[in-house]
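Full structure from sequences and hints, please.
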Amino acid sequence: MKSSFLILALLLAACTPFKDAYENYIHDTLEQSAKTLDPIHSNDAYSSLPQGQIFEGLLQYAHLERPLKLEPLLAAAMPQISSDKKQYTFKIKQGVYFHDDPCFKATNGKGRELVSEDFIFSWKRLADPKNSSDGFWIFDSKIKGINKWREQATKKGVTDYTLPIEGLKAPDRTTLVITLEKPFPQFLFMLANSHAVAVPSEAVAHYGPEILNHPVGTGPYVLKSWIRGSKIVVTKNPNYRKEFYPSSGETVDQENGLLKDAGASLPLNEGVVFHEATEDKPRYYNFRKGNFDFAKLSKNSIENALDKNGELLPELQKLGIRLSRWSDLDFSYEYFNMKDPLIGSNKYLRQAISLTIDPDDFVAKFFKFRGEVAHGPIPPGVLGYNEKIKNPYNHLDLDRAKALLAKAGYPGGKGLPPITYDINNNANDLLIAQLVQNSVAKIGITMKIVVNSWPEYITKIKSKRVQMFSMAYTADYPDGENFLQLFYGPNETPGPNDSNYNNPTFNRLFEQASGLSDSPARSELFTRMVDLILEDVPLIPHVHRRALILTHAWLHNYKRNKMSHNYPKYLRLDLTEKSKLKKNL
Amino acid sequence: MAGYLLRRSLSVIPIVFGVTIVTFFLFNVLSQDPVIVKMGKYGSQAEMDTLRHEMGLDRPLFQQYLFYLKQCITFDFGRSWTTNQKISQMFLDGIGPSLSLSLPAFSFSILLSLLIAIFLAAYRDRVVDKVVMVTCLAVMSVSVLIYIIFFQYFFAFKLGWFPISGFEMSWLTRWKYIALPAIIWIFTSLGAEILLYRTAIFDEYYSDYVRTARAKGLNEFYILRTHVLKNSLIPIVTVIVSQIPFLYTGSLLLEAFFQIPGLGGMTVQALYNSDFPVIKAMTFWGSLVYIFCNFISDFAYTILDPRIKLQ
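Note that the protein sequences, when read in sequence, are chains A and D. Heads up, the first sequence is in this note's numbering, so the first residue is 1 and it goes up one at a time. Heads up, the second sequence is in this note's numbering, so the first residue is 1001 and it goes up one at a time.
If you are wondering where the hints come from, they were derived from the structure by calculation, not from laboratory data. As the structure is a computational prediction, the values presented were derived from the model and not from experiment. One or more of the hints may lead you astray.
[Said to hold, decoys possible] Some but not every residue of chain D turned toward chain A, in silico, with C-beta under 10 Å:
#: 1; residue: Ser1031
#: 2; residue: Gly1043
#: 3; residue: Thr1082
#: 4; residue: Phe1167
[What the hints assert, rightly or not] If we take Cβ atoms under 7 Å as the criterion, some of the chain D residues that face chain A in the derived model are:
#: 5; residue: Ser1011
#: 6; residue: Asn1028
#: 7; residue: Gln1032
#: 8; residue: Asp1033
#: 9; residue: Gly1040
#: 10; residue: Lys1041
#: 11; residue: Thr1050
#: 12; residue: Pro1261
#: 13; residue: Gly1265
#: 14; residue: Val1268
#: 15; residue: Ser1274
#: 16; residue: Cys1293
#: 17; residue: Asn1294
#: 18; residue: Phe1295
#: 19; residue: Ser1297
From the three backbone atoms N, C-alpha and C, an ideal C-beta is built for every residue, glycine too.
If you want it as structure tokens, here you go:
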């Protein structure tokens, strides 16, 4: 009986008003749990985001500039690039200090100054085979000698960090010289990647593998607490150097109030709480109650916030909630396995399948207000995007589809064995697969849907045991090359080319373009490559997803950039406004 | 008793050994290649070979099994392939949140359903009994997910009585976050438990020896406590003890919706990522807990029914 009273008392205590312990912090969300805060292992957006507050690299994406543009972060300026475009010389900012941490024994826990050698150490760590990092791709076959260094370590079974890498040199404390195997104009994007940040060797030596729980960087925030699977709290780094809010951006930024804080010292808030909110509904409820400062609208929450025209509901507008739409720099698609003897060798069959699907209906059904029809692999907002490109097989034309099926050798689908369509085990993918199944049935094609667990699915794709499957790809860097490399023959799976498309003309054009910076000549090559893909149909591009972001009126300076992991430092809260508006939520 | 204890303890060895063989066979022989899952989109054959070597998956199967056996004996399962965290630490981090939800919810649901079942015993086939039975069946017919969505929407979002989701490690504040999921747990468990306990209590309550006791003039409370409850506890204890091993994994859905960092979510993530060391550790620990609970239920029988002897 006593225990019942105790439980009742606790339940009553639970019902007392809920007070936020981090009222002055930005409340952001992670749609999946973060795995690690060790930069060499943070290969997903959910780990990279909290990690991006603690660690910094040489470069970052400018907060307000569009199209996306790189700017110095730990570098004092953009690098000097040699005439052969293979050598990059960086000057490192002076007066940058690592966070205070017990690992700095020589200075009694006071963080030491960043030097150019820190980058060499950090990147060797990334290349160390013992660390099994899946982020090595950013330097793989790019920095001169890095693969040789890695191979030596693999052969010996031990990694010797004192052995030099030919393409990485630190002639003095503030100079870093990087030499590439061959020109790669996108290399600077790699230096803004979350894997390429500076980690002090002292922290690695002190914490060993436990460094994943003790991140020590140079960033504007330090780790305060991490309840795995629930939330990560980072708090303002009291010793952060003088960094300022940008004073220029797009023309609209001025009218949107995004330049009001120009010149203000960063970060503009006391800290950030990353809530690991994996479910849509509670994420939306928390936003509506003002517990989260902004939230991405998911398919399941759209009806709570938007009217039938996709506009924000008036009752939400009255509460000061704002809606913004942003390109997510990605595309989702159906892939054909070009190594499959049936579907891979029959272009007309693939073209016929593509013509059975109505892209507008597809987007309306599955990405209503959250996407636009994709005509090619390169999404808007990415260098090399060409809005004039139209996919000749991306519309509903059953007569033409039937004619192409006959040309493929299967009039009315006769003689064609069922086509297997593999999907990952989730409800949305199943609905998409069923739509495709019903669409192809209209011209006499039978399709068998196979539902797989994620490990089964990815294993089948990577071992080329699929015919047709669905995927989505988000940019690793905002350059068309990142999307076109998905079709480069030598990249066939287990590399990133999962369709195993291998067209010698495409390969030649890709190699020709790969040494070029963004220019009309390169854009022309990109267009030719995209045209080849669209004609050969190794994929059916469906949609470029768009993020619908809801923000409360008390949050200022939010401008979404899918590539950037360090945007929270620019965000400012109007606490007076917050306390006023929260009463009505 | 001592002989029984020794024999039961020794019988654990082949069972655990069998568990290790089955687990190893399932994950190291039959399962998908974890290297592919871990590799990500920028893999190459050479990179995969390097990773396979670092993960110890290129060693002969027998060696891999011996390594796993050593991990089981030393209770040191190394580090997660996904998060690189020490698995023992992951377990310690997760078990607290899981148990802080599951233990009170489980205990309270048993207590409440037993009380209701005892109450119903006196009203068999009367209106109140029928109403409770129909209500229990109705509650059981609806998916747990629906209750979670409704309770969270109504009591947390609309009425604001509870936090919508979240978790704190401090025990003083933790209860705020645990209260609503615990209520949902209790609510969704009550239906099945009341029906089960009601049946077990009815069997005893309306048996001849109880009628005789009543005819002898014994008071109703004494009959209930000394005869009915004690004798109906054997099937009840069997069910309760069989549920205990599942408590440590908490509830996957409740944990996901309420951001409770328990072992349920951790295990599902491990399965999703083919994180074999975590899955194997959880399977091994789960089997140990299950064996231990069987042990406990055998002892409980002897206490509840002196006719049962441990042999």
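We went through each hint and held it up to the structure:
1. Ser1031: Holds: closest Cβ of chain A sits about 7 Å from D/Ser1031, inside 10 Å.
2. Gly1043: holds, 4 Å
3. Thr1082: Status holds, d = 6 Å.
4. Phe1167: holds, 4 Å
5. Ser1011: At about 35 Å, which exceeds the 7 Å cut-off, the nearest Cβ of chain A leaves the hint on D/Ser1011 violated.
6. Asn1028: Since the shortest Cβ distance to chain A is 13 Å, the answer is violated.
7. Gln1032: D/Gln1032 check passes; min Cβ-Cβ to chain A is 4 Å, inside 7 Å.
8. Asp1033: Since chain A brings a Cβ to about 5 Å from D/Asp1033, closer than 7 Å, the hint holds.
9. Gly1040: This interface hint holds because 5 Å falls under the 7 Å limit.
10. Lys1041: For D/Lys1041, the interface hint holds, since the closest Cβ of chain A sits about 5 Å away, which is under 7 Å.
11. Thr1050: Status holds, d = 5 Å.
12. Pro1261: holds, 3 Å
13. Gly1265: Constraint on D/Gly1265 satisfied, holds at 6 Å.
14. Val1268: Hint on D/Val1268: violated, closest Cβ of chain A at ~11 Å, above 7 Å.
15. Ser1274: For D/Ser1274, the interface hint holds, since the closest Cβ of chain A sits about 4 Å away, which is under 7 Å.
16. Cys1293: violated, 22 Å
17. Asn1294: violated, 26 Å
18. Phe1295: Hint on D/Phe1295: violated, closest Cβ of chain A at ~25 Å, above 7 Å.
19. Ser1297: Result: violated, 22 Å to nearest chain A Cβ.
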